[in-house]
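Residue numbers (full-length UniProt numbering), protein chains in the order written: chain A, 1 to 417; chain B, 1 to 417; chain C, 1 to 417; chain D, 1 to 417.
Hints may contain errors.
Any copy will do: because identical chains look the same in the list, a pair fits if it lies in one copy or spans two.
[Stated by the list, open to error] The list that follows gives simulated cross-link-like pairs (lysine-lysine, BS3-like), each with its CA atoms no further than 30 Å apart:
id: 1; residue 1: Lys290; residue 2: Lys352
id: 2; residue 1: Lys12; residue 2: Lys290
id: 3; residue 1: Lys12; residue 2: Lys352
id: 4; residue 1: Lys353; residue 2: Lys12
id: 5; residue 1: Lys353; residue 2: Lys290
The hints are simulated quantities; they were obtained by calculation from the structure and are not laboratory data.
Protein chains: 4
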Amino acid sequence: MPEVVFEVDQSKSMRDQAVPGHNRWHPDVPVATMVRPGSEFRVECREWTDAQIGNNDSANDVRDVDLSRAHMLSGPIGVEGAEPGDLLVVDILDLGACQPPQEYGDAPGQGWGYTGIFARTNGGGFLTDYFPDSAKAIWDFHGQVATSRHLPGVRYTGITHPGLFGTAPSADLLARWNRREQALIDREPDRVPPLALPPLRESSLGGQATGSLADQIAAEGARTVPARENGGNHDIKNFTRGSRVYYPVHVEGAKLSGGDLHFSQGDGEITFCGAIEMGGYIDFGVDLIKGGMETYGVSTNPIFMPGNVEPRYSEFLTFIGISVDHDTDTNEYLDATLAYKRACLNAVEYLKKFGYTGEQAYLLLGSAPIEGRVSGVVDIPNACCSLYLPTAIFDFDIRPSASGPTAADRGMSAVTS
Amino acid sequence: MPEVVFEVDQSKSMRDQAVPGHNRWHPDVPVATMVRPGSEFRVECREWTDAQIGNNDSANDVRDVDLSRAHMLSGPIGVEGAEPGDLLVVDILDLGACQPPQEYGDAPGQGWGYTGIFARTNGGGFLTDYFPDSAKAIWDFHGQVATSRHLPGVRYTGITHPGLFGTAPSADLLARWNRREQALIDREPDRVPPLALPPLRESSLGGQATGSLADQIAAEGARTVPARENGGNHDIKNFTRGSRVYYPVHVEGAKLSGGDLHFSQGDGEITFCGAIEMGGYIDFGVDLIKGGMETYGVSTNPIFMPGNVEPRYSEFLTFIGISVDHDTDTNEYLDATLAYKRACLNAVEYLKKFGYTGEQAYLLLGSAPIEGRVSGVVDIPNACCSLYLPTAIFDFDIRPSASGPTAADRGMSAVTS
Amino acid sequence: MPEVVFEVDQSKSMRDQAVPGHNRWHPDVPVATMVRPGSEFRVECREWTDAQIGNNDSANDVRDVDLSRAHMLSGPIGVEGAEPGDLLVVDILDLGACQPPQEYGDAPGQGWGYTGIFARTNGGGFLTDYFPDSAKAIWDFHGQVATSRHLPGVRYTGITHPGLFGTAPSADLLARWNRREQALIDREPDRVPPLALPPLRESSLGGQATGSLADQIAAEGARTVPARENGGNHDIKNFTRGSRVYYPVHVEGAKLSGGDLHFSQGDGEITFCGAIEMGGYIDFGVDLIKGGMETYGVSTNPIFMPGNVEPRYSEFLTFIGISVDHDTDTNEYLDATLAYKRACLNAVEYLKKFGYTGEQAYLLLGSAPIEGRVSGVVDIPNACCSLYLPTAIFDFDIRPSASGPTAADRGMSAVTS
Amino acid sequence: MPEVVFEVDQSKSMRDQAVPGHNRWHPDVPVATMVRPGSEFRVECREWTDAQIGNNDSANDVRDVDLSRAHMLSGPIGVEGAEPGDLLVVDILDLGACQPPQEYGDAPGQGWGYTGIFARTNGGGFLTDYFPDSAKAIWDFHGQVATSRHLPGVRYTGITHPGLFGTAPSADLLARWNRREQALIDREPDRVPPLALPPLRESSLGGQATGSLADQIAAEGARTVPARENGGNHDIKNFTRGSRVYYPVHVEGAKLSGGDLHFSQGDGEITFCGAIEMGGYIDFGVDLIKGGMETYGVSTNPIFMPGNVEPRYSEFLTFIGISVDHDTDTNEYLDATLAYKRACLNAVEYLKKFGYTGEQAYLLLGSAPIEGRVSGVVDIPNACCSLYLPTAIFDFDIRPSASGPTAADRGMSAVTS
């Protein structure tokens with residue numbers, strides 16, 4: 001086990017840690033600690049909402065969550081010798097839920113995690129037009145396997161990964177982000193959910209910054225929700241153990257930060273908080289490819305190589321969607337987002353025939369190791385996406401047959417009161 | 001080897017076969033042959049353009065291709081007892097390039113295949129704004145492996161599959177298609193490439209229909225380009241050997257038709273004709289789940305279970321894209337199509353550093369067994385897609401390293417004169 | 001499809017082909033055809049017994065088979081420039097059952113194949129002490145999948161491969177084989193089944209050799225049953241499509257010969273004729289590594305790299321055996337053969353609880369894609385072997401559970417009258 | 001993380017723990033703790049020699065190891081309600097090296113592990129005739145990956161597993177073991193290494209037993225080296241995370257014990273101590289199938305289902321061995337042990353061409369995730385085994401090519417002084 005360079009006490013807010021983390025992207029968040037290229041180290045993380053969600057049977061906490069506090073990130077970790085234009089090579093050596101002596105407790109990651117459907121009026125989600133209310137599933141961990149009292153009949157091995165890691169943006173890059181995202185917001189400023197999130201002073205945390213620097217970070221700092229040129233909230237389920245990521249470096253020292261650990265997630269993380277969310281630890285190795293951005297033509301996003309220990313499934317039931325809104329019989333042009341949405345809805349309808357509620361099906365598709373593929377994007381006018389559901393995660397036969405589905409009472413998810 | 005129920009002479013146009021196929025979707029295309037549930041049979045196919053493309057070093061044929069003739073489909077195969085509301089269970093037992101005595105010849109599939117970049121003014125493609133001109137790569141088959149004189153350094157096992165199979169639409173369903181697609185065209189009627197393709201009398205082929213029925217099919221028949229509620233041109237690379245597909249049945253007898261065989265294809269088939277295109281054969285088994293559409297909640301698209309013999313790769317280099325047009329620094333809202341486009345462009349830039357031309361890189365990404373995943377679609381405003389390139393398909397080391405890429409003269413694709 | 005350089009008419013014995021093959025290893029079997037390094041070509045093959053077994057429901061033909069005729073090999077194929085000390089690089093591009101116009105017929109491989117338990121008094125097998133009588137299962141081919149009327153409830157994708165390919169021995173090497181195998185026979189000359197098989201004039205076939213050369217081959221030629229320094233009857237199930245084998249070259253021109261195609265086989269091929277036996281075709285590519293035996297330290301057996309399209313299974317039920325004969329409670333010292341035998345017997349007992357006869361279970365374990373592993377060979381005195389049975393090949397749940405096995409009438413294999 | 005029911009202080013011998021474990025199999029070793037069916041719990045383990053081996057560059061400690069102390073097992077864990085004839089269902093939820101606060105230290109498993117070649121005169125090993133002297137490699141852990149300063153150029157993901165777990169034998173079963181193993185010893189009583197190991201009073205540890213019970217255990221208790229009807233030292237590398245094992249129950253309460261954790265191991269564990277040996281923890285879930293031995297025909301060895309997170313490799317270089325001693329040109333009859341030995345020796349010779357010493361190659365083959373398969377065991381007289389070496393564990397190209405191997409100075413293993 002490598003040295004812990006960023007410690008988290010899970011009984012306290014990120015704000016109250018000895019060395020607090022941050023929840024905005026800004027070049028001037030002070031470095032929490034420095035490491036050398038070639039070194040290995042451990043970073044401890046809070047669950048992304050700073051543990052606002054509880055291990056209970058009500059989704060009220062999800063409905064009422066304060067999103068201005070998110071994501072709570074650990075870092076920044078400075079890397080000696082890193083300069084703009086380099087590639088920061090980051091090996092994900094291991095990661096997991098909270099370890100002794102913090103293995104049990106009230107914070108997500110302390111032996112349990114959750115998946116949430118966020119309310120349309122507070123966060124929303126991929127299918128928010130169909131599922132506007134909050135719901136929740138609590139998951140228990142059994143080694144690499146998760147089960148949920150809110151989703152009986154399902155048991156699977158998680159592809160554990162960090163939802164969000166990245167380097168700090170330069171001042172120029174940050175300015176570009178703020179400019180282009182504001183332009184998007186301006187297209188439809190009153191939309192619910194909004195098109196994007198501008199900087200927000202409320203609840204801003206700038207690490208060890210105080211005074212005017214803290215104010216500046218609060219005023220300018222980019223929200224952590226989307227993925228951008230520094231990495232960020234990719235929510236790519238395949239950033240798992242053994243992965244190697246090549247991050248663009250935009251500032252001296254690279255300033256690696258992250259968190260939002262997921263015990264498991266399906267492609268798309270479709271409920272918005274679709275992963276099994278948790279705090280925990282992540283072990284990194286770092287190195288540099290000097291000048292690597294130019295050498296390898298990496299001008300925008302990181303590149304990476306996934307690890308080789310993802311759970312092995314060999315049988316899948318696959319749902320297809322195309323870029324037609326079948327509810328209104330409206331065709332869109334090569335819209336892969338819509339196509340994937342329809343594939344998800346098709347899967348939900350199918351699962352309901354086996355006794356799950358729509359919310360349960362939606363929570364399952366967000367958190368289980370499903371694959372979502374861009375299958376066809378050139379056959380005008382219909383993009384085609386496909387969603388691969390491993391059949392082995394169910395303890396009953398989920399395949400179609402002449403004898404019909406085995407319906408059963410499969411309970412329900414946590415809902416709001 | 002099962003009985004051949006639809007024969008093709010590869011030296012002749014589909015139009016001139018003893019039993020011709022069809023190139024429009026229409027409920028009244030006459031059945032070519034009937035089969036029983038439980039039976040297994042072989043269908044022979046023409047390459048999708050009816051063999052307009054040649055095994056040569058010029059892309060002029062791609063530039064000048066007559067798309068009104070496409071796709072040339074084999075069928076319809078009627079299934080005894082199939083009624084609207086059933087699910088037609090279709091096992092893909094085997095498929096491949098043309099067999100003896102037609103294994104050599106001038107038609108794609110006779111020992112060779114091709115991948116094409118279509119011209120912006122004649123078909124276009126996913127990256128047509130970046131690659132407006134035609135280009136082409138010819139592939140030679142070595143068992144399940146393909147190599148190309150236009151793409152040296154690459155050798156891979158194809159995930160062979162049919163690009164296009166489906167059942168006939170009902171008259172009502174056809175009318176809906178025509179209505180909603182025309183509505184889309186009407187948004188921007190003069191666009192190049194167009195938003196969608198309306199029915200077109202020119203080059204229409206209605207199987208064995210003649211006279212007024214042939215006229216009606218030509219007038220009303222839906223173009224075969226997109227995937228729709230009957231299946232159709234999914235271009236899902238995972239419809240491979242051993243797959244089982246459950247097609248909705250919309251008309252008596254189901255009327256299964258198809259073609260557009262691909263020796264290999266990457267997710268997205270990004271060059272439009274991005275697969276390795278070929279004629280050949282496909283062996284099917286069919287069965288019925290009576291009333292299965294209602295039983296399993298299948299109201300729009302087919303569902304399927306992929307086969308278990310896809311080539312096994314364990315190491316991937318992954319490119320990420322987000323829904324930002326970095327050329328203009330414009331943000332779009334959760335646009336997975338744009339995100340995948342950027343992932344593709346990032347991969348192209350990377351491959352150019354190893355000595356490939358942009359066209360070669362584009363042709364490679366269309367045809368090799370790459371995976372394109374919808375990684376995140378909820379982190380406003382940026383959808384995130386990822387593209388997994390298997391490293392083992394290259395005969396040199398494609399991974400990033402401190403020593404930089406091994407550039408070499410890697411020739412060029414076929415281009416236009 | 002590459003050029004056919006060795007043709008077989010499946011209606012005739014190998015002895016009566018235009019260019020006959022051979023059934024003994026000898027340096028002087030005349031070359032049937034020459035190929036160049038870098039070329040690709042097709043070789044057609046007879047089933048290993050020269051089609052003595054029929055598609056029927058009696059095992060009498062297995063009981064009475066004339067083993068002096070086996071194995072009927074196609075070849076030798078001479079490779080230009082190959083010299084002793086080289087490595088002959090052989091790519092297995094493709095292989096399969098008989099193709100048009102020979103796809104249907106009475107010879108194994110013409111749409112069907114068989115697995116046999118050989119009688120103790122005529123061939124024997126791994127568990128011959130437990131199954132001394134002949135039995136048989138006939139398999140039907142559905143693309144890459146096999147089913148058997150003698151083994152209901154089972155359906156699987158074959159790992160198709162050649163049981164036997166190799167280069168010709170030099171005169172010196174042949175003499176060593178004959179010497180050491182006779183020494184083994186001399187330990188227990190009257191054993192049934194015998195310890196090894198000496199040269200046998202009866203039924204010898206020396207390709208195009210006639211007169212005194214044919215006599216010499218008959219007198220000296222090594223039987224084809226075992227694997228030896230030239231490759232030979234490896235019965236390694238993983239020599240499948242896409243494999244590359246590096247054979248030692250012992251004579252000028254290498255003289256590659258082979259046959260004994262298997263639609264599928266489990267590790268060990270435990271019934272002796274445990275694979276699904278068939279005639280058919282195999283497509284090769286060949287090349288040379290000059291002086292490769294010394295360069296790579298290959299002094300005895302070939303090395304190879306398996307292909308990447310073996311069927312993908314992710315769940316296995318595993319049986320363990322150790323080197324104890326539990327019937328007599330006798331311990332042997334690190335005897336992996338005994339350990340694997342016990343693992344097989346344990347699997348047979350398990351499968352009987354689900355309604356199979358012992359013969360059916362034995363036939364299944366020989367032919368299905370099971371893995372047999374040498375798990376531990378150092379923990380004195382007990383070697384430990386393990387047998388991995390993919391659960392997905394059964395159409396019922398084969399896993400242990402508190403509710404017990406689903407017994408059913410599962411018919412029986414073909415037996416003797 | 002489940003409750004720890006068996007604790008180990010890694011700074012002390014197993015003998016000096018608050019609740020000591022045991023190193024002999026005997027029905028009367030007192031239960032250390034009781035658990036209920038359905039429960040999950042953690043067991044901490046010492047490395048198998050009780051930490052006699054150090055993290056240094058000399059193999060003297062391996063040469064001089066006291067084997068009478070081995071294996072140091074944690075347990076027995078009693079399971080409520082378990083009775084003879086039941087199957088004890090054991091889920092391996094997780095396992096790994098020592099955790100905080102014991103993650104660093106001098107005992108194997110505290111951040112490091114080792115692989116040893118044992119001296120012919122003290123333990124021996126599979127290739128002891130070729131490698132009679134001791135040697136050692138020290139491994140460092142990086143998450144799920146191991147590297148060794150004694151084996152540069154190699155880096156791989158471990159298939160972490162327990163070498164040894166099992167239930168207690170009944171008195172009758174123990175008596176049978178002692179009888180049959182003594183009979184084996186009596187065949188060649190003076191052999192070095194011996195054929196088997198009889199009970200040995202020296203260094204016997206019987207858990208919490210004292211006085212006459214401890215004496216009886218010392219006098220009668222079976223050595224823990226081999227696998228037997230109770231499970232035991234299987235050294236099956238695939239007992240990894242997510243596995244479910246079904247152990248026969250021979251005594252009331254089942255009395256589950258175990259240890260000998262391996263960070264990684266190749267099939268066969270060929271150096272005798274061929275795994276990467278370590279102490280650490282293992283998390284179990286347990287349940288019962290009442291009367292399961294009879295129900296499922298389990299009369300001798302456990303059965304199991306391996307987990308689905310083994311590292312995924314797709315390219316292998318395979319070595320073949322047959323049951324011929326090529327050094328003396330002696331043929332043995334279907335001897336899979338000899339065949340696997342020859343496959344190992346062939347692999348050693350190959351690896352030496354790349355610059356490794358023989359000892360390094362031997363240590364590598366014992367510890368890396370190689371597969372050893374019983375390929376053919378019926379082709380008289382030659383059994384055929386094959387050894388699959390994943391090419392991706394090397395940081396250079398290990399495949400054969402016309403340009404020859406990349407030799408380099410690859411250092412050496414730790415040796416004796």
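Hints and how they fare:
1. Proximity of Lys290 and Lys352 under a CA criterion of 30 Å is satisfied inter-copy only: 19 Å between copies versus 53 Å inside one chain copy.
2. In this homomeric assembly, Lys12 and Lys290 never come within 30 Å of each other (Cα to Cα): the closest approach is 39 Å inside a single copy and 47 Å across copies.
3. For the identical chains of this complex, Lys12 and Lys352 are neighbours neither inside a copy (40 Å) nor across copies (49 Å), given an alpha-carbon limit of 30 Å.
4. Taking the closest pair of Cα atoms, Lys353 and Lys12 never come within 30 Å of each other, the shortest separation being 43 Å inside a single copy and 48 Å across copies.
5. Within a single copy, Lys353 and Lys290 get their C-alpha atoms only as close as 55 Å, which misses the 30 Å cut-off; across copies the closest is 16 Å, which meets it.
When held up to the earlier numbered hints, the structure conflicts with 2, 3 and 4 and fits the remainder.
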